[in-house]
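Visitor: This is what each chain is made of:
Protein chains: 2
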Amino acid sequence: MRAYILSTGDELVRGRTLDRNAGEIAAALSAEGLTVVGMTTAGDEQPELVAAMRRACHAADIVVMSGGLGPTEDDCTRSAAAQAAGVSLRRDPALEAWLRERWAERGLTMPRSNLRQADLPEGADAVPNAYGTAPGFRVEIDGSHLFALPGPPREMRGVLADEVIPRIRRIAGPGDQVVQTRTVETFGARESDVGERIADLMGRDARPRVGTTAARGTIRVVLHAEGPQVEVAALLADGEAEIRRRLGKLVFGVDGATLADVVGTRLLAMGTTVSCAESCTGGLLAGALTGVPGVSDVFPGAVVTYSNTEKTRLLGVPEELIATAGAVSEDVARAMAEGVRASFATDLGIAVTGIAGPAGGSVLKPVGTVHLALASAAGTTHRRVVLPGDRELVRELAVKCALDLLRRALQQPVGVVPRTTSREL
Amino acid sequence: MRAYILSTGDELVRGRTLDRNAGEIAAALSAEGLTVVGMTTAGDEQPELVAAMRRACHAADIVVMSGGLGPTEDDCTRSAAAQAAGVSLRRDPALEAWLRERWAERGLTMPRSNLRQADLPEGADAVPNAYGTAPGFRVEIDGSHLFALPGPPREMRGVLADEVIPRIRRIAGPGDQVVQTRTVETFGARESDVGERIADLMGRDARPRVGTTAARGTIRVVLHAEGPQVEVAALLADGEAEIRRRLGKLVFGVDGATLADVVGTRLLAMGTTVSCAESCTGGLLAGALTGVPGVSDVFPGAVVTYSNTEKTRLLGVPEELIATAGAVSEDVARAMAEGVRASFATDLGIAVTGIAGPAGGSVLKPVGTVHLALASAAGTTHRRVVLPGDRELVRELAVKCALDLLRRALQQPVGVVPRTTSREL
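Respectively, the protein sequence lines represent chains E and U. The working numbering applies: residue 1 is where the first sequence begins, and numbers increase by one. The working numbering applies: residue 1001 is where the second sequence begins, and numbers increase by one.
No lab work stands behind these hints: they were computed from the structure. The beta-carbon is built from N, C-alpha and C at its ideal position, and this holds for glycine as well. Watch out, some of these pointers could steer you wrong.
[Unchecked claim] Which bits of chain E does chain U cover? Going by a derived footprint, with three or more residues having C-beta under 8 Å, they are: (1) 65 to 72; (2) 385 to 395.
[To be verified] Stretches of chain E that chain U covers, calculated by requiring three or more beta carbons in the stretch to come under 8 Å of a beta carbon on chain U: (3) 13 to 22; (4) 302 to 312.
Put together the whole structure using the sequences plus the hints.
Guide: So, in structure tokens, the structure goes:
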């Protein structure tokens, strides 16, 4: 079946907001075996949106669109869809009741303007939104199905997965061709290094097709296969195994796994506790680790010691050491890691100190210089890196380097993880 | 003048690659005063690309497209443009010589397949590419100008700035028409509440045009005006003043300012020091504050007290208080804020404790319940919020609420900011 994707919003056609929805919807529909024949973005002008809807419904059997379902005047997806379908808008009493309930649940009275969100084109079905207060809908236009989803990415994603994909499966019926992608996530090497190790797998006619993409320090190897389900599953499994064989410890997960997830899950599985001492990352390392649900069992806390005084007071780093070696140095990183481990009485203590920029760099310690240390009962390991990019990227990459240091340590069965009660070792 | 943007590539319509080009081109053309009326993405099938080119040229005076200029079979922008213009392709000898030179410069012999990149539609002009080996071109279709640019973002960006924008300026003529946007950033109210307060300004024919967008708790009011430079500047200034009058303290900045920037800048300007005590946000609040360059002058550090033991050890929160009131409570938030302020000897101490989920909620304290407290010499203020969304969103919104509490306190001239040496008061 053919699919078309629409996005609407003045902020998109003016280039103020990057549209990530269209690509996500394209990936989801492609994974269902649909052929996406095009994607169009329209502004908030109703006549243009109506024309885009009509063309999309003419070109495809399924049209999935996002945006324009908010409560304000400039949200015209509902009225545009009615016009494109040649019907009028009517207020849906069930939807109105649902809206009032959503607001009441949160102890609020619904503003009058939100009533507009209970309007649907005649003959349309409401598509529930469990992630917000803007309901979606499905309407037939010119014999095709148009699904309208809310624009906020989190809501779009939830409604697409929970409500729209199941409906599309019922419309499309069973098919034996699938298109699937597997992503192998790596950290610790450049894209060109990764590419060289798998160059012979990257031919245009290879099955699975193999490519690489780089995103802020993480290099992803993307495998893509089309065909009958069984064949595709085997191609991707074999491809993944070969990539893992070639890339070894660089690989930390598949299909969107993050370093924080991998480390958090492993800490929980092993019952290994960790605390952090952060300088240049300013709390972002602790923030990444605490993004993993349940991590409180192994993570009592962290300190952000931005000033030298606090490095001494909270972590016991000797003042003289900071004065002689400098706050950004191997010795101070080691002392921070050992200090935080002792202070929080954890199995592991990890520390980051560096120069995020834009100021503070020198010839010997340029902006991007970061010292990492990991303390355990078996001793303390250290790593120095010089990271590229602006303040934001240096900090983000420093967090990833710290997580990667933890990940690699947690993969070593001996010594580094002393108080373990692991199921995995 | 009206503009349309096209992108081509199977990787885009399959959702494997996020198209950042279209948004960048939209921003660049909007800044030149062109009105972008739509954007479309087509796959690598020539008939669909031809149809998209014809529609775009029909809808706009200027069409800028990216992709499909490579040397392989699936790169069909050249032949599609020829077909859309109703002319044939011919090899351009100057372009062929240029291509051979580019390869020779790198000590390489040009593969035969790359000769294809010297083909242009009859009557087209080549558009040089100083960033790669895929030349672009300009061709007239149906009285409109279509510019074809290479797809790799770095090449597209370079060619757009160096070659295409200057040509578009010549086509558009001197023209005193400009298009400008101002964004007023707000926090602390729902989109519908903001919308109601400015509903009468949001008519379709209003000047400036006014719209709202919501992004993870931040509501942006977007003002957009076209016309002569002087008039546009006045419209936006008056519009901004009116929006600020209507929305008062909800407004925290303009044109992409973040809460962290605003708070960090204000702390620095006032010489007011702050420390953080974080539970559910796990370091993200400190991480946001330390994203502001130079903030180390007013931010000595923070503690992440994820466990109750650490709340007592590092912040002096009484064990009995945690046992009776619960770790997520007004009393504990207040004690954390006061404890961190005393521990770090800062002017302000801010604390966040809450239930980010997915587990840990109850009827009285549902997931999303967050207590915030801000301690100063003048006393401690408290705020309780119940935030929507998943773990990630709750944490992100909790950080924004904490920053907003700081922002509002820093705007009050009396009491809250004791040790101030402000230039602004």
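Visitor: Next, verify each hint and record whether it holds.
Guide: Hint check:
{"no.": "1", "hint": "65 to 72", "verdict": "holds (count 3)"}
{"no.": "2", "hint": "385 to 395", "verdict": "holds (count 3)"}
{"no.": "3", "hint": "13 to 22", "verdict": "holds (count 9)"}
{"no.": "4", "hint": "302 to 312", "verdict": "holds (count 8)"}
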